[in-house]
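Enquirer: From first to last, the protein sequence lines are chains R and C.
Residue numbering for the first sequence is 194 to 345, as defined by the working numbering.
Residue numbering for the second sequence is 194 to 345, as defined by the working numbering.
Treat each hint with caution, since some may be false.
For chains that are exact copies, the list does not tell them apart, and a pair is met inside one copy or across any two.
[What the hints assert, rightly or not] Derived pair list, reagent style BS3-like, types lysine-lysine, alpha-carbon separation capped at 27 Å:
| hint | residue 1 | residue 2 |
| --- | --- | --- |
| 1 | K216 | K248 |
| 2 | K248 | K342 |
| 3 | K216 | K342 |
I should point out that these hints are in silico values taken from the structure, not numbers from a laboratory.
2 protein chains.
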Amino acid sequence: MSTPRWLTTTEQRAWRAHLAVHKLLSHRLDRELQEFGLSLNDYEILVNLSESPGKRMRMSDLADATIQSRSRLSHQVSRMEAAGLVAREDCADDRRGTFAVLTDEGWETMQRVAPHHVASVRDHFVDLLTDDQLEALERAYTPILEHLKSIR
Amino acid sequence: MSTPRWLTTTEQRAWRAHLAVHKLLSHRLDRELQEFGLSLNDYEILVNLSESPGKRMRMSDLADATIQSRSRLSHQVSRMEAAGLVAREDCADDRRGTFAVLTDEGWETMQRVAPHHVASVRDHFVDLLTDDQLEALERAYTPILEHLKSIR
Chain R
194 MSTPRWLTTT EQRAWRAHLA VHKLLSHRLD RELQEFGLSL NDYEILVNLS ESPGKRMRMS
254 DLADATIQSR SRLSHQVSRM EAAGLVARED CADDRRGTFA VLTDEGWETM QRVAPHHVAS
314 VRDHFVDLLT DDQLEALERA YTPILEHLKS IR
Chain C
194 MSTPRWLTTT EQRAWRAHLA VHKLLSHRLD RELQEFGLSL NDYEILVNLS ESPGKRMRMS
254 DLADATIQSR SRLSHQVSRM EAAGLVARED CADDRRGTFA VLTDEGWETM QRVAPHHVAS
314 VRDHFVDLLT DDQLEALERA YTPILEHLKS IR
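This is chain R alone, in the form it adopts within the complex (with noise of 0.2 Å):
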C-alpha cells in the first residue's frame, strides 16, 4: 500500500463532527421513541411502508430500503408483527417471497408518534440549522450518496 493519505485538520474535524452528530442524535432519537415502544429501526420501517402502495413492501426491498441484511430484517419485522404493528403475507401470484404490511395498528401508533418524532428531529437537528445549512447539507450529501449507492 502506498504512502497514506491521513486526514488533514479540517478533514478530521469535520469527519469527527459526522460521526459524533449522528452517534449521539440516534442515541437521543431512540430514547425518545422509547416512550412509545419503538426503536429508530422500528420507526423507519413504519414510514416506508406507510408510505408504499397499499401499505406494503416486499421484505427485500423493505430490507434494501433500510440498508440492512434479509436476517436481521426479518428478526426485526418478527418483534413488530408480535407488537401488532406489522404482519407479513405471502403473495400467492408472486413467488418472490413475503411481503411486510402495515396493520392498522402500526398505522395508528404512526399516526400518534409522528407528531413527537418530527418535534424531536426539529429540537436536535433541523431548528438549529439555517435553511441554507440544510441546502449546504443536502447538496454535498447527494453525490456521496449516489456513489455509495453505486457501489452496493
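Add chain C to chain R, keeping to what the hints say.
Expert: For chain C alone, coordinates are given in the frame of chain R:
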C-alpha cells in the same frame, strides 16, 4: 400536543440525506474493516485507547467517549479481549473500577489497519467534499453537538 410543524421539503431532504449517508457509509466502512476482523465499533475503541495516556481508559470514560451503555461496552470489550486486542486491568489504588488497555497486538492491528481505513474514509466521504464543504459541515454540526452533549 399543539399542531405538529411537519418538515418542509428542504428540511426533509436534508434530514433524510443525513440519515441515508450515515447508514450507507457506516455499513460500507464496517464491511471494509471486516476484512481485518474488526467492526467500526472495534476500530473506534482502538482509536480512543491509542489516543489516551498509557493507551488505557477507565471503562466508564470509554463508554462515554464511544456513546454506549456500560453493559454494551463490556460485551464488546470481552470480544476484543478474546481477540487479544485489549486487556482489562483493575487499578489497585483506584476503586472507581476497571481500565481497558490496548495490548501490543491491538496497537499493531491498529497501525496495520489505519492506512486502509483512512483510504476508505477518503474514498467514501472526505474526498467527495471540498474543503469549503468540510468546513461548512463542521460549522453546522458544532452547535448540534454542543446541544446534544448538554442534554445527555
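Enquirer: Take the hints in turn and mark each one as holding or not.
Expert: Here is what the structure says about each hint:
1. K216 with K248: between (30 Å within a copy, 23 Å between copies)
2. K248 with K342: within (25 Å within a copy, 37 Å between copies)
3. K216 with K342: So K216 and K342 pass the 27 Å test inside a copy (22 Å) and across (11 Å) alike.
Going through the hint list in order, the structure satisfies each hint without exception.
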